[in-house]
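4 protein chains.
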Amino acid sequence: MPIRVTVWGENVHEQKNKAVAENYPKGMHGQIAALIGEDKNLVPTTVTLQDAEHGMTVEKLANTDVLVWWGHAAHGEVKDEIVERVVQRVWEGMGLIVLHSGHHSKVFKRLMGTPANLHWREAGERERIWVVNPGHPIARGLGPYFELENEEMYGEPFSVPEPLETIFVSWFQGGEVFRSGLTYRRGAGNIFYFRPGHETYPTYHDANVGKVLRNAVNWAYNPDNHAHLLKAPNTPVDKAIEHIVERGAKLTHHPK
Amino acid sequence: MPIRVTVWGENVHEQKNKAVAENYPKGMHGQIAALIGEDKNLVPTTVTLQDAEHGMTVEKLANTDVLVWWGHAAHGEVKDEIVERVVQRVWEGMGLIVLHSGHHSKVFKRLMGTPANLHWREAGERERIWVVNPGHPIARGLGPYFELENEEMYGEPFSVPEPLETIFVSWFQGGEVFRSGLTYRRGAGNIFYFRPGHETYPTYHDANVGKVLRNAVNWAYNPDNHAHLLKAPNTPVDKAIEHIVERGAKLTHHPK
Amino acid sequence: MPIRVTVWGENVHEQKNKAVAENYPKGMHGQIAALIGEDKNLVPTTVTLQDAEHGMTVEKLANTDVLVWWGHAAHGEVKDEIVERVVQRVWEGMGLIVLHSGHHSKVFKRLMGTPANLHWREAGERERIWVVNPGHPIARGLGPYFELENEEMYGEPFSVPEPLETIFVSWFQGGEVFRSGLTYRRGAGNIFYFRPGHETYPTYHDANVGKVLRNAVNWAYNPDNHAHLLKAPNTPVDKAIEHIVERGAKLTHHPK
Amino acid sequence: MPIRVTVWGENVHEQKNKAVAENYPKGMHGQIAALIGEDKNLVPTTVTLQDAEHGMTVEKLANTDVLVWWGHAAHGEVKDEIVERVVQRVWEGMGLIVLHSGHHSKVFKRLMGTPANLHWREAGERERIWVVNPGHPIARGLGPYFELENEEMYGEPFSVPEPLETIFVSWFQGGEVFRSGLTYRRGAGNIFYFRPGHETYPTYHDANVGKVLRNAVNWAYNPDNHAHLLKAPNTPVDKAIEHIVERGAKLTHHPK
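Chains as they are written, first to last, in full-length UniProt numbering: chain A, 1 to 256; chain B, 1 to 256; chain C, 1 to 256; chain D, 1 to 256.
Simulated from the structure, these hints should not be mistaken for laboratory data. Possibly wrong hints are sitting among the right ones.
Treat identical chains as interchangeable: a pair holds within one or across any two.
[Unchecked claim] Okay, derived cross-link-like pairs now, BS3-like style, lysine-lysine, Cα gap no bigger than 27 angstroms in a straight line:
(1) 26 to 211
(2) 106 to 26
(3) 18 to 250
(4) 26 to 231
(5) 16 to 40
(6) 26 to 239
(7) 60 to 250
(8) 250 to 26
(9) 106 to 40
(10) 109 to 40
(11) 60 to 211
(12) 239 to 79
(13) 26 to 16
(14) 60 to 18
(15) 250 to 106
(16) 106 to 231
(17) 109 to 18
(18) 109 to 250
(19) 79 to 40
(20) 60 to 239
(21) 79 to 106
(22) 16 to 250
(23) 211 to 231
The structure displayed is predicted, hence computed values, not measured ones.
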């Protein structure tokens, strides 16, 4: 069954910065969607911050299997109620791929429960991304490492929770390292953080980056809806699986 | 060095429900503090929801090494700005022990990034808490299991992130199970969730529960402050550890 | 592409115990294979302890994508060299599903690095298996729990490493709990331990058990071979990715 | 209470290689013990491969709280029965710190259940060890990173299980990265793998390395003995916690 992928683009620097516009004439979201669409089972569409409800309408989210998120300059403009809506869909089982500066997006920080800080440098230096977990489906088809000749540096400590698994670790020319590919589950939703993707460099034209994105979407896909996780139901005494007799003091005289 | 423990109590049902008041004439927070104080290296104090700033002033938090949180009826009354203040202190390294219905506190849900739901029943049934990780410091001095003759049931799925380690799993008379002791780290802060503690039963008079609380406080204690994790600093090119030359297009003309 | 599944059966109690023979006239391996074969993309075959090289020839392993292992009475009869061969195939990427008393198989203990002990009772009591991680692919299609009216009890502590994820937790009528579904990766091989399956009860005729087995095989499947993980190669100085000059004292005068 | 630390040294290259002998006139074990002894609560002693039973007698192990292991050239000479004895003490609760080339020791591979391979280069290049988990007790007192001007390179993938937590990640001058500090628990024993320590360089004269070793020993210490984890006891029906009646067919006519 085809997987419905929505690429969320902030679409700000594409409009303001010549280098970004030249790298990504279709917008970063457009190029990210193009990379994902190389797998014919993946059906990408794009939305942007500027769309009504930032493109994250109830209907659009209901029809999204995996959401890919790139933002940088305008995290603060994303409305809190939309953030909650996205987060709830993740808990229900929608996959989420967070890219690069999206580490500071409200959605990602909300799901991590941490500041997701790091230190950084914009110098166009070399990044070498090592596969530390070659058997993981997100690393499928990659060599031992791949390089991006010009990238922004992100350095440790990256204040995120210990992941389920660490897939990639980056080496930077200026002397830093970074855990560049991390997996999480929140509720029924699979989450993958992938570091590269600074807007002034042609990262989303790189073949290995495309491979990682397609692998990640396939990995994150969960065909089922687990909306039941959004509730905390009472199981009354007379519905207990094993027979029990009520005892002791109660707050609730009748089961809620 | 003595560990400064602050016990946060909601102090609502103690005032409204006769059974709770009889169980806990000093308030639940008072009795929890008494259990913790049995270890002479632990110095507990108590604050409640009704205190100014819910007792969570900047100064009080600065002087708290480990915070213990019990709440149930009034999670919604805790102000969001106080929640953020508490969460930031956890990221800096303050330990946090979340008890029972505190699973639905704003502080805990904020740090987990999940709804922290479960299903439940108030019937005074038997709970048997099994130690599944006997080598963990939080299980020190316990037998293979201990029992609470009357407890509220919490049943799986408990929608929290996969923990660093699972310490306890509960068996309930009515047929359910629950992961009753879970560890996390968020930023530099150690977090322990411990299930038992329904207010209409005498749980915080149980010797094993006291042992777990004292173990947990000692485990969660982190003597250092890691406020640096709250920042995302730039490392300018001329301060790179390894010599590099700036290349490519930039968003920032001067390092921020 | 079809997934080649090999079911390894010990085939001892089927020959000696009337109840086992009646439950499993085709052998336990035969019935486990039948359950797996209900997914038409899975192609199960069976081998047994009594086969030459216990059925685990180099060729058979090379043609196995996922191995399912049931053993109990004769763990000690499995030759160490065969155990090493199986373990190496797991490291290369073969999936492994270990069932019930297979927790004490040489293969499982070798991969865990722990004794994999537990406590137990054979009394035909009720087991209720709760799904604690409903979003995991191994839990797909199950309800909140399922029951086996007669099973052997396994009780905690189960001395295995903290898993990647806990999928199931069992409730037992006699008062115990057990982490009944646990995932691991060793090298490139995905491993799932699944608790139920005592030979004197009809567990492998249960529809939910079948569903779990098929889900687990699909989850564990890794289409790639990572035999490179069995080597520790030298990267000589003149092949370093970044130019470096050899310095300091050496053990090795010439790169190995 | 003082912590009894045993440093196990292979003591082979100290006798054969001039550079090693000059770096470590007291043997590597002697210098590692000296670093550990700077914490007055730690009481280090040393044993070597050449001692009777490799110094790992039943008595010595019974009197060891934390074992530190350095080996390289002679892993194969360590007798299998001694390896099993050490591994069982770890399961009981003895801490274990494995250093550098000890990744290929029988003891470490036995406890990991993986080949623990990597790729390597002996070129005296610069290693920079980044703290990725600053709140962990093993990182206490360190800056954001520390450097070793000359070290052997170890490169990913390091085929070990996903750790409980990743503490350090190394940057190498020649372009590689490595997860240099990893924690595990096996049975009740805490295990820390720490990468640096090639014998031809003065690594164990470095102040930060000393700090890590002392932190790691304090972290790994477990005052309790959990020998019960080495057994898999039967709990007979008439000793079940909750009353149950035996049902169904049995393998065992009388409880074992």
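Here is what the structure says about each hint:
no.	hint	in the structure
1	26 to 211	within (20 angstroms within a copy, 45 angstroms between copies)
2	106 to 26	within (25 angstroms within a copy, 41 angstroms between copies)
3	18 to 250	between (67 angstroms within a copy, 10 angstroms between copies)
4	26 to 231	neither (41 angstroms within a copy, 33 angstroms between copies)
5	16 to 40	neither (33 angstroms within a copy, 54 angstroms between copies)
6	26 to 239	neither (57 angstroms within a copy, 36 angstroms between copies)
7	60 to 250	neither (44 angstroms within a copy, 34 angstroms between copies)
8	250 to 26	between (62 angstroms within a copy, 20 angstroms between copies)
9	106 to 40	neither (31 angstroms within a copy, 43 angstroms between copies)
10	109 to 40	neither (32 angstroms within a copy, 38 angstroms between copies)
11	60 to 211	within (25 angstroms within a copy, 32 angstroms between copies)
12	239 to 79	neither (42 angstroms within a copy, 37 angstroms between copies)
13	26 to 16	within (14 angstroms within a copy, 62 angstroms between copies)
14	60 to 18	neither (31 angstroms within a copy, 50 angstroms between copies)
15	250 to 106	between (40 angstroms within a copy, 24 angstroms between copies)
16	106 to 231	both (23 angstroms within a copy, 16 angstroms between copies)
17	109 to 18	neither (30 angstroms within a copy, 42 angstroms between copies)
18	109 to 250	between (38 angstroms within a copy, 26 angstroms between copies)
19	79 to 40	neither (33 angstroms within a copy, 47 angstroms between copies)
20	60 to 239	neither (38 angstroms within a copy, 45 angstroms between copies)
21	79 to 106	both (9 angstroms within a copy, 20 angstroms between copies)
22	16 to 250	between (62 angstroms within a copy, 12 angstroms between copies)
23	211 to 231	between (37 angstroms within a copy, 26 angstroms between copies)
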